[in-house]
Each structure stands twice: as C-alpha cells, then as structure tokens.
Amino acid sequence: MSRASAQEFLHALFESLDDLPPEFAQRFEEVLKKDDVDRSQAIRQLFEDFACEGTARGAGVPASDRAGVWGGAPRKYE
Amino acid sequence: MHAFRGIPGEMTVDFGKGDSIVVYGDNGTGKSTIADALEWYFTGEIGFLSHEGRQHAVRYVGGENNGVTSVEVFTNGGLGGKVVLPDERNAEAFHAIRRETFLLRGRTLADFINKTKTEKWKALVDILGLDAIESLREDLQRARNDLRKKAKAAEEEARTYQRALASGSQDVSQDTVLASLQEICRMLGVDPPQSLDQVEDPSWLTAAVRASPSVSEASDRESFLAEIKALSAPAYDQRPVDSWNELVSSDRARLLPRASLVREAKRLVETGSIDKGHCPLCGQKVDHKTLARRIENALEEVMEASRDLERFRDPVAQQADDLETIHDKRRSIHDRALAMGLELPPVPDIPHAALRENVDALAPVKIDAITSALSEVRKWDREAGKLARKASPSQPSTRDTQLVMLAALCQQVNAWRFAEKKAARAGRALDLAERVFDAYQTKQKEDLTELLKRISRRVGEIYSALHPGEDLDAVSVEPWTAKGVELAIEFYGSRQRPPHGVLSESHLNSLAIALFLAMAESFNEQIGFLLLDDVINSFDVEHRGRLAELLADGFSGWQLIVLTHDQQFFEHLSRRAPSWRKLEFTSWSYASGPRTTQYETKDILLNARERFESGDVQGAATKARRALEELLQETCEALWAPLPFRRGQANDKREIGELFKGVRRTLKERAKPLLDSIEPLLKNLEADVGATLNVAVHGSRGRPGTSEVEAALERIATLDDKWSCPECRTRVWHRGTPEAARCKCGLSAFPPART
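If you read the sequences in order, they're chains F and U. Each residue of the first sequence is one higher than the one before, starting from 1 at the first, in my numbering. Each residue of the second sequence is one higher than the one before, starting from 1001 at the first, in my numbering.
For the record, the hints were derived by calculation from the structure and aren't laboratory data. Using N, Cα and C, we set each Cβ at its ideal position, and we do this for glycine too. The reader is advised that the hints may include incorrect statements.
Chain F is nowhere near these chain U residues, computed Cβ spacing over 12 Å in every case [what the hints assert, rightly or not]:
| no. | residue |
| --- | --- |
| 1 | Phe1074 |
| 2 | Lys1289 |
| 3 | Asp1360 |
| 4 | Gln1402 |
| 5 | Ala1415 |
| 6 | Arg1428 |
| 7 | Ala1439 |
| 8 | Thr1481 |
| 9 | Tyr1492 |
| 10 | Phe1539 |
| 11 | Tyr1599 |
| 12 | Leu1682 |
Coverage of chain F stretches by chain U, computed from C-beta distances (three or more under 8 Å per stretch; other residues unrestricted) [claimed, not checked]:
| no. | segment |
| --- | --- |
| 13 | 5-18 |
| 14 | 40-49 |
Straight-line Cα separation of at most 27 Å, DSS-like style, residue types lysine-lysine; simulated pairs [to be verified]:
| no. | chain 1 | residue 1 | chain 2 | residue 2 |
| --- | --- | --- | --- | --- |
| 15 | U | Lys1668 | U | Lys1602 |
| 16 | F | Lys34 | U | Lys1149 |
| 17 | F | Lys34 | U | Lys1390 |
| 18 | F | Lys33 | U | Lys1602 |
| 19 | U | Lys1229 | U | Lys1390 |
| 20 | U | Lys1722 | U | Lys1744 |
| 21 | U | Lys1653 | U | Lys1668 |
| 22 | F | Lys33 | U | Lys1390 |
| 23 | U | Lys1602 | U | Lys1017 |
| 24 | U | Lys1421 | U | Lys1445 |
| 25 | U | Lys1386 | U | Lys1229 |
| 26 | U | Lys1653 | U | Lys1722 |
| 27 | U | Lys1017 | U | Lys1582 |
| 28 | U | Lys1150 | F | Lys34 |
| 29 | U | Lys1229 | F | Lys33 |
| 30 | U | Lys1672 | U | Lys1744 |
| 31 | U | Lys1443 | U | Lys1149 |
| 32 | U | Lys1683 | U | Lys1653 |
Just need the whole structure built from these sequences, with the hints factored in.
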C-alpha cells in the first residue's frame, strides 16, 4: 500500500479472513458508508448481531435474530 | 503571481511543458516567492506565515488595499487554476493534495528528523493518509472495549445467579439444578420437570401445581370464600303478592271453593244423569234449561276467578321457592364455613313455609314478614362477606410455602439460564470483535512495516549516493511501539536510533533530503513536481555536487524546481542538466519587485496595451515606462554598452537616462547610420519619459493624455522591433558576440549591414 483508503484496507483485510460469518464483511462495509451514526456503536451492534446462535454454528444471521426484530431467533436446543 | 508576497505587480514564471528549472538568486531577490506561491496554491497556506498575525503577508506589502492578490497555475492536468486572496477554499479542497510530498525548504529541512517518535508517527499518518485507517482502528477498539465490558458484566451477572443457586460447595450446572428441582417437586407431590427448558415455560409450574390435590383444596377454599364474598339477596318484587292479597280478599275468592261443586253439577247435567226437573245440588224443583243456564253462569264466574287465582298464585309460589333457596344456600354456606373453621352468624329464618301455606289456603300473605326476613338475609350476607374477606387469603400451610418457594426457585433458575445465555452471546460478540480487531491491527502493522522497509531501502540508496564510501548506510525508518516511528542508521557497526548522536548537521540534512526524495517517490501521486528551496546551506562543495548529480541523473523523470542562492550549485546543476530551464533573480526593489535575467519587454508591453484598452491609461503609462526600461537594459547588456561604473549588483537600478546614453554611445561607435535613423525615435521616447510616462508628474499635474500614452506605446514597440528579426522574431544578438551578432535565422545582424 502507498495510500490505501480505509475501505480498501478493510476490504483486503476481510479477504484475508476466511472464517468470518457470511455477510459480515458486507454488513460492516455498509456501516462505514453511514455518516450520521456513532460508528463505534454501530460496529459494536454489528458484532452483537452476528453473535447469535445461528452465527455461532456458521449458519449466518437469520433475519429474525437481528437487533430490533421482534421475537428474536427461533430457539433450537441440542 | 499578482501582488503576491514580494511582487508588486505581476510576475510570470515559465516552466515550459513540465521542464525542470533551477532558479538562482541572492538572498532577498524574491526567488522563494515562487516556492511561496506554489505552496499557497497547493496547500492553502505558507508554512511559516500560518502563525497568528502573519497571514496578511501573503499580499504584497505595498499593494493597494483593494488590489487583487492572486496566484494562477497552469498545468497539463486538472490541478491548475487561480486562487485569489482571501482564499475561500475550505479544508476539503486540500484533503488529498495536502498529503502530497512536494516541497522541501532549507528552513524546515530537518523538521521531520527532529520530531519526536510520536510526532514522526503523526506526520507519517498524515502523509500516508493513515488517519482514516487509524480512525477506524480506534472505532474498532472502542467497540471491542465496550463488548469486553458488557461480556464481563454479563459473566458477573450469571455468576451472581449461579452463586445464589449454589448450596454449599456444590457445583452448579444445568444437570445439578435440574436434579434439585426434580427432587423438590417429588417431595411436594408435583410432577417433576424433564428439562430446564420445561421450567422456562411459565405454564409448566401453574399446571403442575394445579394438578396437586392439596392445591385443589386450597383452590376450593379460595373459591368458597369468593362465593361468600359474592353473596347477594335477590331484589324483592312486591307486586305479585299485592295482587294475590287483593284477589284473595275479594268476593270472587269466595266463589272459588264452589268451583268443584259447580263443575260436578255441570258434568251431571251434561251427562244427563240427574233427576230431571230437580237441582242436583239442593234437590229443589227446577226447569232443566234454567238449571243448565244457571250452572253455566255460575261456572263462568267461578272459572274467571279461578283463572285470576292461578295467574297470581304462580309468582307468589315462585317467591316462596326462591326464599327457600336463599335460605337453604346460606344454611349450606354456614355449615361449610363451619367445617373450614370459619364461624358465620346464624342464618335468619325466612317465612317461605308460611307463605306457601297462605297460598294453599288462599289466604293473604304478610308482606312485612317477607321484607323483614330479606332485610335480615342481606345483613347476614354482608356480615358473612366481611368474615370471608378477613379469612382470605387463607393462612398458608407449610406446603403452600414450599410451593411458593418452588416457584421462586424456578424463577431464579430461569434468570440464571437467561444470564448464562446473555453472557454466552456477549462472549461470542467479543470473540468476533477481538478476532477482527487483532487482524486489523496486525495487517496495519504489517502494511506499515512493509512500506517503511521500502522507504528505508530507498532512503539508504539516496543517502549512500550523497555520501559514498562513508560507511554510513543501512538507513531505515522503523516503527517504534504502536504509535511511534524513528530513524536509524548503521554507524560503524552499531545501530544508532535516532541518528542525531553520530551524524553532523550536514549529514542530518542529507538524511532529510534523502527521506524527502524517497517519500516523494511514494507519496507524490498527483502534483507531479518536486520543489527544493535552498536545501544545501550546510553542504560543502563536494556534497553540493553530488546532490546536483543525484537530482539531474536520479530524478530526471521528475519535474524539479530547485531554488538556490549558491552559485556553484546553480552552475553545477546547469552543467549537469543542460536541458533544465534556468532563471536568475538579480535584484528586488520595493517599486518593481524582483528582477530576473530574463527580459520581458514584450510581456510588459502587452500588459500595458491591455491596461490601455481597458481604460486604465495611468496604469498603461506606468507599464510602458517599465517596458522601455526593460528594453533599454536588455539592449545595453546585449551590446555591451559602456555605462558608468557601479559598485555591486546595482546595474539594473540605473536611471533610464543613463541607459539612453549607453545605447547612443554604442550605436555612435559601431552603427552610426542606425543611430541616425532612430535618433528621432529616441528623442521622442526621452520626451515621453519626461512627461507622458513620468509617474511623479502625473501625481501632481493630472492624468496622462490618452493619445500621448498610445503614441508612447507605439514608439516603444517600434524601438523593440529594431532589435528583432522581422523573419524569425529573435533578437539580432541571438548568436555570436556583442561585437558581431545575428538573429537565429541569420537575416538580421548587429552591427547591421544596412539600416
């Protein structure tokens, strides 16, 4: 890099991390595009969104488990 | 540049089509104005004027208050334009350009080297544009730290619930908690849960407890007490009783006992089983028809009374039944309450039996007795309700207490499990955040290290070129902790970081130049030229020569603008890079600003004509005088005109009259016919200088005449043409020596063959 932008840097970083939850990189880059939010809080929220049980099993983030969605994720017990 | 810094009017510097240029001039001749103009244009400020109280110095100190100070830059790309003071551009306009490495000045040469490690880091962050990446790293770190706190708090909460559930030293786990719950349930006769998920369902405990027999009793008691509290005597409707009493007290009622007799008589008559001619009831002699009619009438009257009786008797009988029900219900409640240990007052008597007897006997009913009895019942209801309320809730039994404790335990188990899940989720969020943050930080460090290695390698090469054989190499820029950068050098086998302890001032300056050039190679992506302003002050002759070679050979692909007051360096660079443009600043004066060796008669004359055409006659006159001075100076220099001796470098400060004399003397000696032919022109021009082009005269006597200025401009142009070839437009002294010169094409010469 000579002068990489934060977005380019991040993109290269996510490319190198192969064990990230699906859609995480895309959602993270969407957060960076928002100007009117507290970015660190938005990033924290994103980590929490992706910490649902489905994500832990590598099944991605069900829409119903995202923050603010009524009802939360369907419970599955082993 | 217009009314900018040391330039009162206008000055143009021609860089060709991206040619490199070396600009030479003594101190104070105005050469650094070029650097100031480019710095102001591309960064919006001039470093040493950015401090408070100095910004006004961007404008020429003698300039008019309403005059325009501006810098215009022409480029082959999109960065050209014109900036006028006050500069309206905002920080956004410089966002990318300000990071470009393009300007190195002697006075700030070692600034970077002398910075602390942290300051170097900040400067590097700024140059590399790492601030955005660094800002995102900080946001990531904040998010990670928040999650760390949340995870810790969630774990602590879960532990608190866990401790509350722990009995003694027993480890608390899902299995042990479930086993405990099952045991308690069995002890209480409640169906034990099969899993803790079952416990989480609030309906489980309710259903399980309800199924327990003891709880049914308790429930019965509760409902019984509720029944008592809800007791309410029916409203008493007196109208049916009044109607009844009225009927049974009337004459019609006396007919009623005869009803059966009359019916029997009717039956006998109708069946013909009577002794005809006699009444079947009393035996008196009577006509059969008369008898039948009388019986019919009597029957009709009786039946009507009977119907009324039936109509009023039913509601009254119903009231008797209701009163009996009311009485029985309260008797039952009284007895059940007694069985449950709740003593209620005796149930008042209700005259339902008497009422029924009166109905049977077709006797009037005593209403007072009924209303009084109902009043007593209501009183009893209130008293019983009061006692029931006092008795509710029931005194819990030991078992009840245990059930309540079971419910509380279930709640606690659920809270613990919720906290455990919350902690697990917070832990997962933290894991993800840690992973991303660590990877981000590692990549940032690796990228920076790689970049610094690249720059270090190039700094080392450049530094070695400036100091060959000095055994001072392996220069590098190294990261120092997370937010620091330091320069290091191998000094006779030992690593010196920073290098200040072992390098002389000139060596440090060399290092600064090497660093600047290496950085510029990586971080001059848009501007495309490098500007070095008096950077060799501390260099000896040998090192100046090496720098000249390095710039001429090693950076031939760049457009370099090198400003220097060192004549040797200027000459060395001029010889080493013959293709470079050269510009010499000779002097500076308050009125005229900088003078260079580059004569600009045509440009000044053109400017004068533009002013004249725009109506600025006085401005045109001033410029015309300046153009004439420029032309006469150029002529005197080119023809080696003998002028009075002047000590120092003040030749270009001569009076215009001295220049006229010099020209005349030269022409008289070497081109007499030419002098004769232009003498009238020279005289007219001298007259113009004394009157039309005399600024001091205008100040006291009024403005110069339009036609006079126009004529003066024509005359100056005519004289200018005398020294230019009509074919190739170059000067007649373009080639050769002052004794025998000619133009570029050779058509025109001096001394001229013919006039």
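Checked hints:
no. : hint                     : result
1   : Phe1074                  : holds (26 Å)
2   : Lys1289                  : holds (95 Å)
3   : Asp1360                  : holds (71 Å)
4   : Gln1402                  : holds (29 Å)
5   : Ala1415                  : holds (17 Å)
6   : Arg1428                  : violated (4 Å)
7   : Ala1439                  : violated (6 Å)
8   : Thr1481                  : holds (21 Å)
9   : Tyr1492                  : holds (34 Å)
10  : Phe1539                  : holds (30 Å)
11  : Tyr1599                  : holds (44 Å)
12  : Leu1682                  : holds (62 Å)
13  : 5-18                     : holds (count 8)
14  : 40-49                    : holds (count 6)
15  : Lys1668/U with Lys1602/U : holds (26 Å)
16  : Lys34/F with Lys1149/U   : holds (25 Å)
17  : Lys34/F with Lys1390/U   : violated (65 Å)
18  : Lys33/F with Lys1602/U   : violated (56 Å)
19  : Lys1229/U with Lys1390/U : holds (10 Å)
20  : Lys1722/U with Lys1744/U : holds (15 Å)
21  : Lys1653/U with Lys1668/U : holds (24 Å)
22  : Lys33/F with Lys1390/U   : violated (68 Å)
23  : Lys1602/U with Lys1017/U : holds (21 Å)
24  : Lys1421/U with Lys1445/U : violated (36 Å)
25  : Lys1386/U with Lys1229/U : holds (7 Å)
26  : Lys1653/U with Lys1722/U : holds (24 Å)
27  : Lys1017/U with Lys1582/U : holds (14 Å)
28  : Lys1150/U with Lys34/F   : holds (25 Å)
29  : Lys1229/U with Lys33/F   : violated (67 Å)
30  : Lys1672/U with Lys1744/U : holds (24 Å)
31  : Lys1443/U with Lys1149/U : holds (25 Å)
32  : Lys1683/U with Lys1653/U : holds (22 Å)
Checked against the numbered hints given earlier, the structure breaks hints 6, 7, 17, 18, 22, 24 and 29 and satisfies all the rest.
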